[in-house]
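Colleague: Join these two chains into a complex; the hints should help.
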Amino acid sequence: MSDSQATDFDVTAGVLAHTPLYDLHRDLDARMVGFAGYAMPVQYPSGIISEHLHTRAQAGLFDVSHMGQAILVGLEAARGLERLVPGDIVTLAPGRMRYTQLLDAEGHILDDLMVTRLDEKDGRERLFLVVNAATKAADFAHLAAELPDCALAVLEDRALLALQGPKAAEVLSRQLSPGEAGNLLALPFMSAKGLIWNDTALSISRSGYTGEDGFEISIPAAAAVLFSKKLLEEAEVRPIGLGARDSLRLEAGLCLYGHDIDRTTSPVEAGLLWSIPKRRRTQGGFCGYEQVKQVIDRGPVRQRVGFLLEGKAPAREGSDILTHEGEIIGRVTSGGFAPSLGRPIAMGYVGVPYAAPGTQVSLTARGKPLAAKIVPIPFVPHHYFRGV
Amino acid sequence: MVDTYYTKSHEYVRLHGDTGIVGITDFAQRQLGDVVFVELPEVGQSLSKGAVAATVESVKAAAEVNAPISGEVIEVNAELADKPGLVNEDPTGKGWFLKIGLTNTAELESLMDEEAYREFLQTLS
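First to last, the sequence lines map onto chains A and B.
With the first letter of the first sequence counted as 1, position 121 gets the number 121 in my numbering; the numbers rise by one all the way through.
With the first letter of the second sequence counted as 1, position 5 gets the number 5 in my numbering; the numbers rise by one all the way through.
Chain B extracted, bound-state conformation (with noise of 0.2 Å):
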């Protein structure tokens, strides 16, 4: 079973143990468009929850990710360097941003699931 949880700037972040995969989720790739530029963070990088971890460019604008969790970087996903429309195509899968080691698993209360998420989109249409 895989533990994902989202925030209402609709991050996500997918529990591998104590590890961390952070991206985007559907909504928010549709709301950017072509997504043509991701800077991540570096390696080694603590972030702080809600902190900017990652900027994304599309045609149109420019986006801020923020962390979900806090914790220390320990992978990015340089696949995005050379092909950022991933970022479109799969955002939930090989378009990942960056993987995190949590500190502090307690800050997950106040994310929500996937039905919570889910619900909250209903929301917004």
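Bound-form chain A, shown alone (with noise of 0.2 Å):
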């Protein structure tokens, strides 16, 4: 038996950084990997598909620490990051939280972030920002230089947890006294709160990136061990590996930078268009302006799009999409089996006159044709929490 394809999983060589939970993934059996430079839980013993539809069914927590935390401050720090994002950053309310993406000269994505407005300290704004593990060291340096401004402060002693799941909420409310439980439940999607957890302040946003209700957990590195020990005791939650996190994202349709998104794509043809507000496309002032409101305005020439296969063999990432005739109209960006629909699915780019739902192509895998159509995403429907 050999690995006939490389994927993110394969553990790279040298040495591998740990997050403050690696000790805790040993205890739980984890099969670790390398991935972004980090020894990280790929699944543990019950496997992909049951941590997967346990997420959907329960709550799931996971370890995303790798990520890049750091908080950006300055008197006009909203301001100053809207120079390099094409997201609505100024008008953000303390608390809200946006999704956006870093943009280079060419509007193409250096990566995406959650962007979270804290409160302003000694009169300057503060942003809490959370960026993708890979591309942590090179975000933050583009954001240093482009921002003198602005002070960076990367936050390498805290760690970040995912819960998430339709009792995510529940279970993570048990944890609080009842005021803070009730500050937690009242939160909506896409906004923040500092919490106070066994006298650990932590912040905690409802969002995450699997399509469910969930939570992200910012907390100090040396609380973090026994944070997740009580709620890996609750009988709803259990630890969630990157296999289930990159099968959960795709069925939710959502990007993965590196694959989906990259320096080669425009938010455009990503379908991120939402993400930039009208003001931001009118007025502009972000880097690689030009060339977005070019795409905005002549429409792109190819697009992300959702297929499910019709068979059981799964399509990968670097797959050609092609016609009923042979044509080759793109490629796939993601592809795998989707636990919750029991089937394969897969997200690639294809020109625009292709791009309709319903429309029948083939995917190329080991040579082989695969039978497919285009279908509207995400595949699974979102479950966020818009508030009572």
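No lab work stands behind these hints, which were simulated from the structure alone.
Quick reminder that beta carbons are idealized off the backbone N, C-alpha and C, glycines included.
Treat each hint with caution, since some may be false.
To be verified - Listed next, the in silico BS3-like pairs over lysine-lysine satisfying Cα-Cα at most 25 Å (straight line):
| id | chain 1 | residue 1 | chain 2 | residue 2 |
| --- | --- | --- | --- | --- |
| 1 | B | K94 | B | K8 |
| 2 | B | K8 | B | K99 |
| 3 | B | K94 | A | K312 |
| 4 | B | K83 | A | K312 |
| 5 | A | K278 | A | K293 |
| 6 | B | K99 | B | K83 |
| 7 | B | K99 | A | K312 |
| 8 | A | K193 | A | K121 |
| 9 | B | K83 | A | K368 |
| 10 | B | K49 | A | K368 |
| 11 | A | K312 | A | K373 |
| 12 | B | K49 | B | K94 |
| 13 | B | K94 | B | K83 |
| 14 | A | K193 | A | K230 |
| 15 | A | K229 | A | K193 |
| 16 | B | K99 | A | K368 |
| 17 | A | K368 | A | K312 |
| 18 | B | K49 | B | K8 |
Unchecked claim - Now the stretches of chain B that chain A is said to cover, found in silico as 3 or more residues with beta-carbon under 8 Å:
| id | stretch |
| --- | --- |
| 19 | 34-47 |
| 20 | 59-69 |
Modeller: Written out as structure tokens, the structure is:
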């Protein structure tokens, strides 16, 4: 038996960094792999399908401490960040968060990130940023170089956990005092709050990357193991590895940086125009604006679409996408088995004339054509908590 | 007595006379994780030792299964089409892949027996 396809889960050579939860993962019998320079759990003994389905049904705990966390501080930090991203940061209210992208001068995506506005301190604006693990060093260097009027404090001593699934709110509120539990449950999707747990200051946002209701919890590294163990003691909570994190986000139709979006893709063709509000589209003032505006005005040449495969064989990243006539019209950027659907799905880019849902195509896997049709994404409906 | 031989790439072949039942070991299925699809060869196809005999797709990756010995494919496990998870549940039993009619039994000498394979696994952990 030999791996015929390289994946992100291949163990990379060299020394891997550990997250604060490394020993806990080992104690839980996780299979550890190299990912973005970190030793990370790809799965626990129950396996990816079971972890995936458990997250959709109850609650899953993910260690995402490999991701980059930083606070950007400055008199006009929001206006400054808007020079580098097309999202609306200036009007973001304290305690609210946005999904946006760092763009290069060509309007291509350097990384995608979450931005939360914190309360001002000493008259300075503060933005909490969460960026991808593989790109964090480059992102932080870019921010520091482009925003000399701001200070960037990289949070090296904090873990980042995600608790995702329909039971996430209930089990997390159980860990908190009645007052803090009330604050937690009142948080709508894409908002954040500082909460106290066991005399420890947590920064909790109602967000995630699975399509389910859930939270991301930034916690001091020293408290992360105890907090995780408390959550794992709850009957509804199981630890979930990177394997299921990937299948969950794929079903939710969410982009994975380095795969579905990268330095060759524009946010418009990636289907992320919703994250660029009208003010920014018309006024610009961000890196790559001219190019992004051009794509908006003329319409993209290609666009990201979803594929439902007809058979059981999955198509993977890199598969060609062909018309009935055998013409190559694009390439798969993410693909795999969808546990919630019990069949393979994929995402990729095709020329706009071919992008209509229902279009029949074939995807090439190991030289063989697999029948598929273009479907709307997400593949599985989102279940975000929009408020009571 | 059952004669089972192993490769360093974690395939097994279990002999019944001059027929060999081929599959992947428990170690291999653990490494792969949840199997969601198995592509099997055509019955009648001739395989030479080391050639790709099947492809296994798990949730996260694809892996090739090599023929541990040369021979002709005389049967494939049709049950895997609907129940690929049998490879995880019972890799050396119901999760077998294919049956080969052996053409060169001398090749078995290059494979590991049960004890040698167990020792080989020790060196991997």
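Colleague: Hints first: check each against the structure and report whether it holds.
Modeller: Verification of the hints:
| no. | hint | in the structure |
| --- | --- | --- |
| 1 | B:K94 - B:K8 | holds (22 Å) |
| 2 | B:K8 - B:K99 | holds (20 Å) |
| 3 | B:K94 - A:K312 | holds (20 Å) |
| 4 | B:K83 - A:K312 | holds (11 Å) |
| 5 | A:K278 - A:K293 | holds (11 Å) |
| 6 | B:K99 - B:K83 | holds (18 Å) |
| 7 | B:K99 - A:K312 | holds (23 Å) |
| 8 | A:K193 - A:K121 | holds (15 Å) |
| 9 | B:K83 - A:K368 | holds (22 Å) |
| 10 | B:K49 - A:K368 | holds (23 Å) |
| 11 | A:K312 - A:K373 | holds (14 Å) |
| 12 | B:K49 - B:K94 | holds (23 Å) |
| 13 | B:K94 - B:K83 | holds (10 Å) |
| 14 | A:K193 - A:K230 | holds (20 Å) |
| 15 | A:K229 - A:K193 | holds (22 Å) |
| 16 | B:K99 - A:K368 | holds (24 Å) |
| 17 | A:K368 - A:K312 | holds (13 Å) |
| 18 | B:K49 - B:K8 | holds (13 Å) |
| 19 | 34-47 | holds (count 4) |
| 20 | 59-69 | holds (count 8) |
In summary, the structure agrees with every hint in the numbered list given earlier.
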